[in-house]
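Asks: One-letter residues, chain by chain:
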Amino acid sequence: MTQMSGAKMVVQALRDQGVEVVFGYPGGAVLPIYDEIFQQNEIKHILVRHEQGAVHMAEGYARSTGKPGVVLVTSGPGATNAVTGLTDALLDSIPLVVLSGQVPTFLIGTDGFQEADTVGITRACTKHNWLVKDTAKLAETIHNGFHVATSGRPGPVLIDIPKDVQFATADYVEPTASKPRHYAPTVKGDPAMIERMVEMIETAERPVFYTGGGVINSGPRASELLRELSEATGFPVTSTLMGLGAYPASGKLWLGMLGMHGTYEANLVMHGCDAMFNIGARFDDRITGRVADFSPGSKKVHIDIEASSINKIIRVDVPILGDVANVLEDVLALWKQRGSRVNRKAVAKWWGQIRDWQAIRCLDYKPSQKTIKPQYALERLEALTRGRDRYITTEVGQHQMWAAQYLHFDQPNRWMTSGGLGTMGYGLPASIGVQVAHPEALVINVAGEASWLMNMQEMGTAMQFRAPVKQFILNNERLGMVRQWQDLLHGQRYSHSWSESLPDFVKLAEAFGCKGIRCDNPADLDDAIMEMLAYDGPVIFDCLVEKHENCFPMIPSGKPHNEMLLGEAETQGVIGAKGAALV
Amino acid sequence: MLNIKKGASSHSAYDLRDPNGEIIESHTLAVLVDNESGVLARVIGLFSGRGYNIESLTVAEVDHQGHRSRITVVTTGTAPVIEQIKAQLGRLVPVHEVHDLTVEGPAVQRELALFKVAGKGDQRIEALRLAEIFRANVVDSTLESFVFEITGTPEKIDAFAELMRPLGLREIARTGVAALARGA
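Line by line, the protein sequences give chains F and D.
Using the working numbering, you'd call the opening residue of the first sequence number 1 and step up by one each time.
Using the working numbering, you'd call the opening residue of the second sequence number 584 and step up by one each time.
Just so you know, these hints were derived from the structure itself, not from any lab.
Treat the hints with care, as some may be off.
Stretch by stretch, here's where chain D covers chain F in the computed footprint (C-beta under 8 angstroms, at least three residues) [claimed, not checked]:
1) 271-279
2) 441-452
Calculated from the model, a selection of chain D residues having no Cβ within reach of chain F, i.e. all distances over 12 angstroms [unchecked claim]:
3) 619
4) 667
5) 692
6) 709
7) 717
8) 746
9) 752
10) 754
Heads up, the beta-carbon is just placed ideally off N, CA and C, and yes, glycines get one too.
Could you put the whole structure together from the sequences, leaning on the hints where they help?
Replies: Here it is in structure tokens:
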């Protein structure tokens, strides 16, 4: 046992948890911890420009590495600024450990300077949180925090540390000496259920693997096993926004993303299948459309690590509570042991049907010689970066959906996007977090100009820490997705959905000391993208795109999968008042 | 361990209750938790945040050495909603066990209540007579009032309240339901 101050304990505990990077912002209530950070070199501290940025950076770091992201903020406004990021991480199941300073214990409850009820405020947006009132319990609480954040369904935790607790001394508790924790979610699937899943694979005539973020969260092994199972069965694979990359987009069984802006073939496969295998997805409302008409003819298997996700929205026939990699391992073992086979004839017929749907070419768009179509911009970005060690982050909106449709991911952990919460302002800081974790990689944030402005101050962070992130802004001078909805269901009354008084992004780049590129001509686009890729440092790329492009295909809210709109479809009046409420 | 066993559809292939049932059921849940700061707020916040009902709630530390509390919640909802409530409770880190006493077998449910009844003459005599029938104890009395202590099922306490109302009922304090499964 070593005696040390609470502040030193924080740094020691982070070190013992293998933390390499902390994203943070100092303030009165965390000064003792910052003093300890100053006196060591093992843990790198990335100084952000706003605490929300710190949390999104930690998310980008976590999602691209599989390791928990760590954030350090001060009390009061420092902690409240972290709330959006915490909620984002909770909805997308990203493991984070956020440490916040708090006023000294004797001031708690007196409305002290920079006091906020941080554990009260963050109770609903963390997986768990703690207020540590005793230095003797600090180290153990931090170790426990890492355990909770990373086990089961991952998520953010917050540990609130009053300033006097940081100053006081106590014995440091090693991670191994920490008390056994009862929190140990089930990871191994029920063998009886696994057997039923294998039986369903054997008999399925119109199957689909519907995969989600759980495959990514389960670790790289889960993606390998998914590929193995897909190859063994020859079943078509689709994925949610969060699961892109688990099965390679270049794979022959790939249908593209499903859901509201998913491909025609993926959604019709979901609607028409007789056996649905949900692997680590959660039947989100962007996926199901009208629940009553969701995949009416199928038996459903659902693999999820969280009991509350099973039967929450869609009743399933075979619930498997467990970790994706663990369950798929058992499924494959049983599959081999039984010498199983699929119903080849029926599955071949199903593929025939799927080929017909694919022949619609739902992602085709009207090309233009005059303006850059956003789809074209992303096609070119994909073509010019394919094969590179590439990570993509996005903001939220039309550009995000187009990125999901036109960029292709062959590996997990390469795609960072705010899926559940839909947080505008996520992409720029997330890209910095990814770049910090992978200094040599190409990291691109596909952005819309409106989202990007929400956290643009983080360009300062990118400059300071030499993170050569590429900000690829599809600038339509509109809040594109809002505009699209107003176009489709609010009588084209474009209430406050355009971007007035935009900055000159090239000059903005210069002001930050990085490179700015503007492109508005399709003929110049390739050269401009190559210039961005060649530049050794951060780039703000202002790609002026078609202003009134809508994102298709699209399942209007409140409609089933088989009533989706294609690009050329007449879109006026398709969404009823009931659907408008579901947006 | 997430200890959601009997009656939880997430652990069983077959749930014999009507999944699409619109019938509102009342369930009594026993939730064993670490008695740590904020644990009650977490449980209550879960109910309010997700739009579930709380009919009654009691909480007290039942294991002082292990710092465990037992929260008894009476809640209402359709069968799928009750399943969700149990699963969501099971997610909370300080929650050790969730038992649905309504599903897991017969259970005893008791509530304690205090009734202040003021009156004179025949009304007072009638109140005292009914209290005896209900096996309520007089724990305070003045020349013009009684405080009765009564224990029983919520229904019994409701019935007693109805009878006391015309006899000068002034105030009621109820503890909410405490419940245990019958048998060993």
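Asks: Looking back at the hints listed earlier, which ones does the structure fail to meet?
Replies: Violated: hints 1, 2, 3, 4.
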